[in-house]
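Protein chains: 2
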Amino acid sequence: MAKSKRHPSVKYVYQFGTARTEGDATQRELLGGKGANLAEMSRLKLPVPAGFTISTEVCTWYYDHDGEYPAELQTQIDAAVAAVEETMGGRFGDPSNPLLLSVRSGARASMPGMMDTVLNLGINDRIVAGLIERSGDPRFAYDVYRRFVQMYGDVVMGLRAEGRETDPFEVLLEKKKEARGVELDSELTADDLQELVAEFKALIRRRLKRRFPEDPAQQLQGAIGAVFESWNGDRAITYRELEGIPHDWGTAVNVQSMVYGNMGEDCATGVAFSRDPSTGEKSLYGEFLVNAQGEDVVAGIRTPEPLARLEEVQPRAYQQFGKICRQLERHYREMQDLEFTIQNGRLWMLQTRAGKRTTAAAVKIAVDMVKERLISRKEALKRVPPDDLDQLLHPIFDESAKRTVIGQGLPASPGAATGVVVFQPDEAEARKAEGVILVRLETSPEDIGGMDAAQGILTARGGKSSHAALVARGMGKCCVAGCESLAIDYGREQFTAGDRIVKKGDWISIDGTTGEVMLGQVPTREAPLLKALLGQSPGEEALELLRYFNTFMGWADRARKLAVRTNADTPHDSEMARVFGAEGIGLCRTEHMFFEGDRIDAVREMILAADEAGRRKALRKLKPMQRKDFEGIFKAMDGLPVTIRLLDPPLHEFLPHEAPQQREMARQMGVPAARVRRIIASLHEFNPMLGHRGCRLGITYPEIYEMQVEAIIEAALNVQKRGVRALPEIMIPLVGTVAELAQLKGMTDEVAARIMGRRKAEVPYLVGTMIEVPRAALVADQIAREAEFFSFGTNDLTQMTFGYSRDDAGKFLPHYVEQGILPADPFQSLDQEGTGKLLEIGTAEGRRTRKDLKVGICGEHGGDPSSVAFCHGVGLDYVSCSPFRVPIARLAAAQAALS
Amino acid sequence: MAKSKRHPSVKYVYQFGTARTEGDATQRELLGGKGANLAEMSRLKLPVPAGFTISTEVCTWYYDHDGEYPAELQTQIDAAVAAVEETMGGRFGDPSNPLLLSVRSGARASMPGMMDTVLNLGINDRIVAGLIERSGDPRFAYDVYRRFVQMYGDVVMGLRAEGRETDPFEVLLEKKKEARGVELDSELTADDLQELVAEFKALIRRRLKRRFPEDPAQQLQGAIGAVFESWNGDRAITYRELEGIPHDWGTAVNVQSMVYGNMGEDCATGVAFSRDPSTGEKSLYGEFLVNAQGEDVVAGIRTPEPLARLEEVQPRAYQQFGKICRQLERHYREMQDLEFTIQNGRLWMLQTRAGKRTTAAAVKIAVDMVKERLISRKEALKRVPPDDLDQLLHPIFDESAKRTVIGQGLPASPGAATGVVVFQPDEAEARKAEGVILVRLETSPEDIGGMDAAQGILTARGGKSSHAALVARGMGKCCVAGCESLAIDYGREQFTAGDRIVKKGDWISIDGTTGEVMLGQVPTREAPLLKALLGQSPGEEALELLRYFNTFMGWADRARKLAVRTNADTPHDSEMARVFGAEGIGLCRTEHMFFEGDRIDAVREMILAADEAGRRKALRKLKPMQRKDFEGIFKAMDGLPVTIRLLDPPLHEFLPHEAPQQREMARQMGVPAARVRRIIASLHEFNPMLGHRGCRLGITYPEIYEMQVEAIIEAALNVQKRGVRALPEIMIPLVGTVAELAQLKGMTDEVAARIMGRRKAEVPYLVGTMIEVPRAALVADQIAREAEFFSFGTNDLTQMTFGYSRDDAGKFLPHYVEQGILPADPFQSLDQEGTGKLLEIGTAEGRRTRKDLKVGICGEHGGDPSSVAFCHGVGLDYVSCSPFRVPIARLAAAQAALS
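Protein chains in written order, with the working numbering: chain Y, 1 to 899; chain S, 1 to 899.
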């Protein structure tokens with residue numbers, strides 16, 4: 001190993017399994033996950049093959065010094081190898097008593113398969129003879145040798161398939177089997193394998209113009225370097241970017257004595273979980289193979305046997321392993337994922353780590369471990385990633401089903417959906433019974449009916465924050481958005497995906513959790529917990545899950561400080577959200593009600609009206625319908641606050657975009673088409689996002705908001721008479737100046753007083769505002785003079801704070817996230833430094849004026865765990881999110897309160 | 001006077017001209033401008049007819065108490081009347097020795113003609129007899145009586161013309177003259193007038209069912225009430241809204257002894273200025289009429305004589321008046337506007353106040369008064385409203401010319417222009433020599449060439465911040481925007497305004513200072529100062545003005561702390577701005593250069609290119625042209641910093657909007673029209689303001705910015721070789737995160753190092769950013785790690801802070817300003833509470849990271865005086881504005897520094 005610059009003496013190498021174990025489980029940062037756990041098992045006196053870990057600091061050093069190593073490293077490695085030899089009773093590079101080593105990566109966070117590994121290291125033509133002598137098994141020894149040369153040639157020396165070539169080592173192996181007339185590797189003899197070793201080495205020399213290193217020390221040096229290099233391999237970099245693992249963490253290298261599960265029938269190798277990772281059941285769960293190496297268990301050539309069978313084959317080792325599993329679970333107070341090898345009847349532990357599990361299992365294990373007094377409730381709550389709760393509420397595809405993927409979009413709203421393709425929203429409504437997937441270039445508010453009727457929504461344009469995505473998430477409906485490879489042709493009623501043409505009526509399936517678009521009808525499974533929550537004759541398994549879920553969420557509710565409300569526009573969504581634990585409505589968007597059925601006609605009549613009188617006439621038709629909606633919502637939310645936002649979108653959103661629909665509308669309403677066109681032209685905006693909408697409408701057309709306030713107050717009084725406790729919170733959108741709010745609050749109070757006076761009844765209500773324009777946050781002290789509550793509309797606030805149009809940002813935002821210019825899509829996860837600063841300023845300034853100001857958030861971020869944590873930190877009173885994300889927000893709020 | 005609620009004893013009435021004067025000039029708020037100055041003259045022992053002022057507090061009280069008065073008021077009025085009687089030697093209401101009074105309004109700020117006045121009060125049938133006896137002139141006495149009844153009947157009793165009716169008093173007067181066969185009022189005899197008094201009273205009784213009050217005390221009470229009521233008359237309210245005068249200030253009421261300029265040939269009345277209000281010349285300037293009342297001077301029936309003639313007519317009074325004028329000017333240290341009356345040879349001063357003047361006069365007077373040691377330079381600088389300097393630089397219409405106004409738009413860019421109507425920009429260029437007015441629905445960047453060629457620009461849509469307005473102001477060119485009453489028909493090449501049809505080629509004139517659109521060729525006058533500044537053979541008068549202007553602006557430059565730069569995109573504009581005193585360029589918009597001549601073809605080739613190589617090929621064509629522009633600008637700004645903003649607008653702005661032009665472009669470039677359409681469709685944005693522009697383009701298409709940086713650095717090196725000191729400051733637009741700036745600054749430094757290395761020469765340059773996205777201000781501490789300067793782009797920052805699209809806000813913004821929801825259009829005058837807070841945060845946070853950070857502002861606000869004052873307060877280093885506003889900004893900056 002090339003020595004270079006001097007460096008003050010630092011410990012770089014940590015032994016385990018030797019006479020002195022030098023690390024422990026707390027040293028994950030220094031030793032990586034694998035190394036730290038090997039050290040910990042060694043501390044627990046468990047049978048770990050001796051070895052040592054080269055720390056992550058060496059990796060950092062290596063990259064800081066152009067691929068050189070600290071001067072002291074080689075001495076420390078030499079000493080560690082000596083200690084390993086001492087413990088294992090063999091000698092590295094000694095033909096008479098050889099010790100073979102494995103060299104494995106091991107980063108702080110698990111990066112499975114992303115970095116390199118070299119096994120069976122320390123063998124050459126002389127040493128293999130010693131191995132034969134000691135094992136008495138030439139075939140085993142040459143198999144080990146053959147595997148080593150192949151792996152080293154690939155991983156360390158870089159001889160691999162180029163272009164469309166097949167792996168050249170595999171080519172030679174296949175040739176050999178063909179020549180011998182056998183099918184399986186295991187049918188090759190020791191002689192065959194010996195020949196292969198020579199052929200592999202010749203191949204390396206021919207292709208790389210280098211000799212295969214025979215010197216074990218040189219082999220070790222090469223393997224260590226290869227592991228460090230693999231930290232910055234393309235695969236590893238991509239993986240880290242996807243998983244958000246910092247590039248400067250570096251990997252450790254674990255050098256460990258080889259043990260063999262393939263030295264005969266008294267050998268075995270296997271993997272196990274200390275509990276069932278699918279269900280969470282408390283029972284050892286795993287698989288093993290007799291006379292096999294670890295890689296064979298996953299390779300799938302032989303079918304592994306369930307772990308219980310090991311008791312028959314290796315009763316002593318099985319007992320010991322079971323005991324160790326229980327011990328490790330108790331020690332780590334966490335479900336373990338373990339790897340073991342039995343060499344000649346002797347058990348060796350190769351790995352232990354926290355086991356991955358389904359969400360259902362995670363909930364059950366967390367709750368069970370509290371009952372077992374292994375962990376506290378606080379710890380239990382931290383064990384389940386909030387986002388994972390989604391899995392429990394959405395249908396999923398049958399895992400065994402075949403998928404013919406024809407497109408990849410953005411996973412915009414989770415779930416699994418299958419149905420026949422339709423392109424027009426009204427057709428989706430007409431064919432609802434068949435089960436349809438609505439396929440659109442993009443959706444707009446006009447399409448709500450069709451979206452509601454569809455099983456799932458697939459769009460070619462728009463991101464995770466597009467209209468389609470937002471609405472679908474609100475509805476808890478599966479959506480794949482921005483699948484740009486689809487060429488949709490509305491005229492021919494078909495789309496092409498690559499060279500496939502999919503016509504109207506063809507079956508497709510979409511996976512809203514992965515973004516995949518599949519041909520045909522892929523079978524789905526309903527989410528059992530959802531059925532249980534909704535009381536739809538669930539099975540016993542689902543009821544059990546529901547009990548665990550309720551226990552777990554109960555703890556979360558007791559732990560959290562933030563209230564969790566929901567964004568819901570219909571009585572149905574409100575009821576659903578209440579089942580999911582919503583404590584009120586944080587955002588009821590009244591405009592969605594404007595699109596339903598023939599209401600849109602009245603809305604259009606209002607827009608076309610020549611004057612205020614005409615508008616009032618049309619609004620009188622709308623009022624009873626709005627009132628009825630509100631009554632339903634108040635009923636569903638009996639006793640809980642309901643925040644109703646007055647009309648927000650610009651009026652042109654209620655008019656058809658395309659000429660034929662405009663003509664149709666003119667015909668239907670009995671007005672000249674030219675008039676419709678003229679009005680649509682006059683309403684056109686260059687930047688509708690920053691246009692004539694929100695309270696700006698309320699001020700220029702006061703009659704609209706007046707009608708809405710009347711409908712709210714009347715609805716509240718109506719249900720109150722029937723014993724329902726209605727708590728309306730009237731929210732004025734897009735306020736930027738206190739004068740806007742003052743004027744509209746004045747109107748609201750006047751209307752409310754008039755109606756309550758006439759009916760001789762009172763209903764409590766609040767008037768507040770959405771803080772979604774940056775200016776509103778900046779002058780929140782003034783606005784709080786009028787506002788009885790604030791609700792941060794972080795969708796629009798993010799748009800304006802960044803100057804990003806959500807509808808257009810697809811042109812650069814993915815690029816920004818990819819290049820690391822932004823850590824995440826700010827429409828998904830709240831930008832804490834910029835938009836978040838406005839939340840802080842707005843909350844602090846608002847409460848400076850009005851100490852008891854109720855402050856919440858009702859953007860999409862209300863259901864994003866890291867954003868929820870931020871809201872907790874800022875001291876908000878509540879978050880509000882779509883119904884299906886309510887449980888996520890409840891748990892995220894609990895975790896935030898506990899951390 | 002109705003006494004009502006008790007009130008602790010407060011002084012409400014202030015005497016002047018009596019034995020004790022109770023107010024002075026400092027009490028403007030309490031006594032109104034008129035009252036305070038009457039008191040002040042009285043203090044100076046000048047001959048002021050005795051009287052008293054009822055304070056503005058009474059007005060406030062009156063409105064706070066539903067039209068009642070404080071209890072003590074009547075007693076105080078009675079005492080004051082007694083004192084006036086004592087001084088003037090007559091008695092109010094005494095037929096044997098009558099004293100008549102005038103009752104006039106007088107607010108803190110002058111509201112000429114907006115409130116009511118009653119003269120000759122205190123007369124009735126018995127008193128008129130006494131007046132005849134004491135004056136010996138029955139005709140005079142009945143004329144006074146007739147005038148009083150008419151005025152009181154109108155103002156106090158409210159008898160005025162209804163609908164299309166002629167004033168009923170005037171009808172009776174006309175009838176009388178007809179009956180007597182005379183032409184002029186003055187030809188009526190005492191008897192005629194006596195009859196008229198009776199007829200007037202009968203008319204009042206018939207129409208109002210009330211008697212005319214004969215009791216002088218009752219008359220006084222009614223007149224005082226009428227003046228208070230007139231404070232909230234429609235006219236007054238409208239005026240206050242226009243002038244920004246608070247509604248709660250209230251008016252004072254001045255009650256004063258009448259003096260008469262119409263009691264014979266030894267009487268006269270006149271108005272005067274202590275200096276010439278047109279030129280500022282130091283000589284008494286005014287007009288008078290012998291034997292006349294004040295209102296006759298302005299009525300225009302008799303032509304007044306120049307004041308100098310008074311010396312012949314009334315030598316003693318003239319001497320006295322001249323002395324008083326000089327005394328008052330010295331006393332107030334300000335040019336005075338005075339009113340006087342000579343009654344039987346005795347001079348009475350009725351009013352003095354600061355005189356209105358032209359801007360040229362204001363500058364001259366301010367400079368002269370410093371020379372005369374009347375005022376300090378500091379005071380001189382405060383005497384000229386910065387916005388008024390505009391008058392000196394723009395052509396104006398000949399005041400005597402007849403105007404046929406056919407439309408009223410927004411005064412979007414000052415000046416006067418006349419020309420033939422054209423609708424197409426290319427036609428404007430072709431017919432430039434004729435002088436054209438470019439008439440468009442709205443303008444877009446494609447139209448720049450035509451706008452430049454036109455004398456003036458008239459648009460039917462868009463506000464003062466529309467594209468047309470912004471560009472026109474930048475060019476110093478007259479523009480009337482948003483003249484919505486024009487119906488433009490591009491197809492027929494005509495527009496209609498009301499029932500007038502104006503065709504292409506017809507002459508029109510537009511006034512950018514008033515917003516008027518006029519038929520025909522209204523003669524204009526060039527601004528003499530502009531000619532002098534540009535050295536275009538000005539006359540002696542212009543050179544004199546230039547000397548005064550330079551002296552005055554020199555003082556401003558020494559006083560101010562803020563530097564003043566200009567927004568200029570061409571060498572010509574840069575030179576012009578330097579003449580106006582710009583100290584560098586604060587914003588050079590490189591995209592404007594992209595539209596000139598055939599450059600647009602290369603730009604379009606770049607946009608249509610399939611890949612980076614194709615884009616680079618097109619950019620190579622653009623580079624020499626950009627470089628040449630920069631060389632010209634660096635030369636014009638030799639030794640001064642030049643801030644160059646890299647490409648900002650979204651690419652679709654460079655492509656034609658309409659199908660025929662798109663086809664033409666495709667033909668010209670030899671590509672299929674469908675391709676052009678497809679690319680335009682793919683570039684379409686829902687909210688281009690928040691879209692793929694600014695540094696977002698620079699990051700996704702780095703080759704564009706690279707070309708621009710190359711052109712800048714090469715240009716700087718080229719001119720440097722020729723002895724020009726180039727100081728480029730490269731500005732990255734629309735930065736929202738430090739990562740964007742870091743990446744683009746890295747690119748800039750690399751490109752610069754490469755070129756300087758190749759040329760073996762150095763040129764100093766800075767890299768900084770525009771702060772125009774709210775987030776950038778919020779994370780300015782991070783951004784300042786990379787930025788060497790900040791320039792607040794307050795146009796876009798205002799759009800995003802408010803969430804107002806400048807192009808769409810016309811739908812509600814005028815309404816907002818009218819209703820007082822906003823104090824002013826935030827695109828005109830910086831919103832200090834909201835957008836301004838971001839300026840404060842951004843500056844403070846930026847300087848926290850980088851102490852010496854250079855910070856400026858380059859939005860339109862850089863030329864708005866109140867915004868400049870705010871920038872001074874925030875501690876910016878400079879403001880930058882369009883060339884023609886540079887002098888305004890210099891003066892505004894000086895005033896800010898002095899206040």
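Where hints are given, some of them may not hold.
[To be verified] As a list, the in silico EDC-like pairs of lysine to aspartate or glutamate whose alpha-carbon atoms are at most 20 Å apart:
id, chain 1, residue 1, chain 2, residue 2
1, S, K432, S, D611
2, S, K811, Y, E429
3, Y, K811, S, E612
4, S, K811, Y, D154
5, Y, K811, S, D598
6, S, K811, Y, E612
7, Y, K811, S, E703
Just so you know, the hints here were simulated from the structure itself, not pulled from any lab data.
Hint check results:
1. S:K432 with S:D611: This hinted pair is violated, its Cα atoms lying about 40 Å apart.
2. S:K811 with Y:E429: The given pair, whose Cα atoms are some 36 Å apart, is violated under the 20 Å limit.
3. Y:K811 with S:E612: Judged against 20 Å, a Cα distance of about 16 Å means the pair holds.
4. S:K811 with Y:D154: Measuring from Cα to Cα gives roughly 69 Å; hence the hint is violated.
5. Y:K811 with S:D598: It is violated: about 28 Å lies between the C-alpha atoms, which goes past 20 Å.
6. S:K811 with Y:E612: Between K811 of chain S and E612 of chain Y the Cα gap is close to 16 Å, so the pair holds against 20 Å.
7. Y:K811 with S:E703: holds, 17 Å
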